[in-house]
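> Those protein sequences? They're chains A and B, same order as listed.
My numbering numbers the first residue of the first sequence as 7 and each following residue consecutively.
My numbering numbers the first residue of the second sequence as 7 and each following residue consecutively.
Please note that the accuracy of each hint is not assured.
Here are some of the chain B residues that sit facing chain A, going by a computed Cβ distance under 8 angstroms [unchecked claim]:
#: 1; residue: GLY81
#: 2; residue: LEU137
#: 3; residue: ALA152
#: 4; residue: PHE162
#: 5; residue: ALA166
#: 6; residue: ALA169
#: 7; residue: VAL173
Derived by calculation from the structure, the hints in this document are not laboratory data.
In this text, a Cβ means the ideal position worked out from N, Cα and C, and glycines have one as well.
Here are the chains, one letter per residue:
Protein chains: 2
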Amino acid sequence: MDESAGHKISIEPVARVRSPFQEKFGIPRQPGLAPSAIGEVRLLAPYHDAAMLQGLEGFSHVWLTFRFDRCVAQGWRPRVRPPRLGGNTEVGVWASRAPFRPNFLGLSAVRLLQVVTRPEPLLRVSGLDLLDGTPVFDIKPYLPYADAIADAEGGFAPTAPKAGWPVVFGAQAEADLEGVAAAAAGLRCLIGEVLALDPRPAYRQGGEPGRVYGMRLDGYDVRWRVMGDRIEVQAVQAVDPV
Amino acid sequence: MDESAGHKISIEPVARVRSPFQEKFGIPRQPGLAPSAIGEVRLLAPYHDAAMLQGLEGFSHVWLTFRFDRCVAQGWRPRVRPPRLGGNTEVGVWASRAPFRPNFLGLSAVRLLQVVTRPEPLLRVSGLDLLDGTPVFDIKPYLPYADAIADAEGGFAPTAPKAGWPVVFGAQAEADLEGVAAAAAGLRCLIGEVLALDPRPAYRQGGEPGRVYGMRLDGYDVRWRVMGDRIEVQAVQAVDPV
Numbered sequence: 007m008d009e010s011a012g013h014k015i016s017i018e019p020v021a022r023v024r025s026p027f028q029e030k031f032g033i034p035r036q037p038g039l040a041p042s043a044i045g046e047v048r049l050l051a052p053y054h055d056a057a058m059l060q061g062l063e064g065f066s067h068v069w070l071t072f073r074f075d076r077c078v079a080q081g082w083r084p085r086v087r088p089p090r091l092g093g094n095t096e097v098g099v100w101a102s103r104a105p106f107r108p109n110f111l112g113l114s115a116v117r118l119l120q121v122v123t124r125p126e127p128l129l130r131v132s133g134l135d136l137l138d139g140t141p142v143f144d145i146k147p148y149l150p151y152a153d154a155i156a157d158a159e160g161g162f163a164p165t166a167p168k169a170g171w172p173v174v175f176g177a178q179a180e181a182d183l184e185g186v187a188a189a190a191a192g193l194r195c196l197i198g199e200v201l202a203l204d205p206r207p208a209y210r211q212g213g214e215p216g217r218v219y220g221m222r223l224d225g226y227d228v229r230w231r232v233m234g235d236r237i238e239v240q241a242v243q244a245v246d247p248v
Numbered sequence: 007m008d009e010s011a012g013h014k015i016s017i018e019p020v021a022r023v024r025s026p027f028q029e030k031f032g033i034p035r036q037p038g039l040a041p042s043a044i045g046e047v048r049l050l051a052p053y054h055d056a057a058m059l060q061g062l063e064g065f066s067h068v069w070l071t072f073r074f075d076r077c078v079a080q081g082w083r084p085r086v087r088p089p090r091l092g093g094n095t096e097v098g099v100w101a102s103r104a105p106f107r108p109n110f111l112g113l114s115a116v117r118l119l120q121v122v123t124r125p126e127p128l129l130r131v132s133g134l135d136l137l138d139g140t141p142v143f144d145i146k147p148y149l150p151y152a153d154a155i156a157d158a159e160g161g162f163a164p165t166a167p168k169a170g171w172p173v174v175f176g177a178q179a180e181a182d183l184e185g186v187a188a189a190a191a192g193l194r195c196l197i198g199e200v201l202a203l204d205p206r207p208a209y210r211q212g213g214e215p216g217r218v219y220g221m222r223l224d225g226y227d228v229r230w231r232v233m234g235d236r237i238e239v240q241a242v243q244a245v246d247p248v
């Protein structure tokens, strides 16, 4: 057996994700943390055959093996500083789910809402933590008996990150949301879930009170700031599609 | 956004598996079903840096993203017949964990027994369901809060396959095991766990009583047959290493 690396293989996307997350900032750091993050996994030719999906509708969740394609240009790192450790303690990249890893492969279990077969086969999913346009290389059913390990121990990330920030909408944000189309009715929930996780980089948490952050979410520019012990949404403006 | 497939990417193995399973026949169909299936995940250059593993020791399980490399030559299939459905009902390949899938990527959560840093970095793991020599493309910690979905529904495979076959060792097999080196002390347990799952192809189950099967396990040729309501191990012979 050859013990060196090398032996590159070639794989190709079988699907592409449509997600409300149109920039990295604000994306929950694991799937399932923002249930209102609803999107689609659109099968790509030659893998867009509805017959390949038959039977999947009985499963509540699916695994997506994807690539952190917008991180590849920056290269991988042997050591990373996980947000869970405050952003200032290093661990090995194999001990983390950081995107800057060899091969840049990611893994997310998302809830399967619906298997759509026509006009084009796709999966409607929720709890997404993926950037819009992310290429998917494999889709598998979540098998509770093999995948849900009840007694697993989670090292330095034993429990979910706190989603504890109260989120309030200021007067301008409320007025903005009044004008949002019915299609974006889930937008308010999504904003609340994403901000409750406090998407600020760890090194900024605790500093710069009042600083205004911007985040693009589902076609809207969301502006918000930390006010004391809560997060205030200031404005929600539609962005012209790129 | 380009909605066609194409855009192949190149990835390379970061590790290689040493496993007691030296042929496909007999491999449990998901990880964790045979706890005595102990092996190693050996990091490959340039990813064999112990610093990349630091912090992983606090996690009880790891995900391995691997390739079913011995299945590639046979090609992928849009529809498969899962053993769980008796081997005669088809489902789409995306609804299965079958190896004959586009890109041939696999996913296994295995128990992490030990992180070894010297002389070469490797992970000692148990509950393997991988063929010896399998190339690994990613290693991630298992995060209970994101990965262990307590309320997930498992479609046509809601529970673990029955590991209900009583396994008995015949006189010759007992004599053979007497002579097995101490290093293979776990061999008896491993044989018992693997056979209790009944590795016969679904289409043979129920037919050909008394037929003798052979299986290579951890360097030994194991011969066994179904006798009524139990499985009898007939012989356990060391195989010359290839």
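> Evaluate each hint against the coordinates.
Results for each hint:
1. With a least beta-carbon distance of about 13 angstroms to chain A, the hint placing GLY81/B at the interface is violated under the 8 angstroms criterion.
2. The restraint placing LEU137/B at the interface with chain A is violated, with a minimum CB-CB distance near 11 angstroms, outside the 8 angstroms limit.
3. For ALA152/B, the interface hint holds, since its Cβ comes within 8 angstroms of a Cβ in chain A; the closest pair sits about 4 angstroms apart.
4. A hinted interface residue such as PHE162/B counts as satisfied when its beta carbon comes closer than 8 angstroms to some beta carbon of chain A; here the least separation is about 6 angstroms, so the hint holds.
5. With its C-beta approaching chain A no nearer than about 4 angstroms, ALA166/B sits inside the 8 angstroms limit, and its interface hint holds.
6. Interface restraint check for ALA169/B: the shortest CB-CB distance to chain A comes to about 11 angstroms, outside 8 angstroms, so the restraint is violated.
7. Hint status for VAL173/B: violated, given a least beta-carbon distance of 21 angstroms to chain A, over 8 angstroms.
Hint violations for this structure: numbers 1, 2, 6, 7, all remaining hints satisfied.
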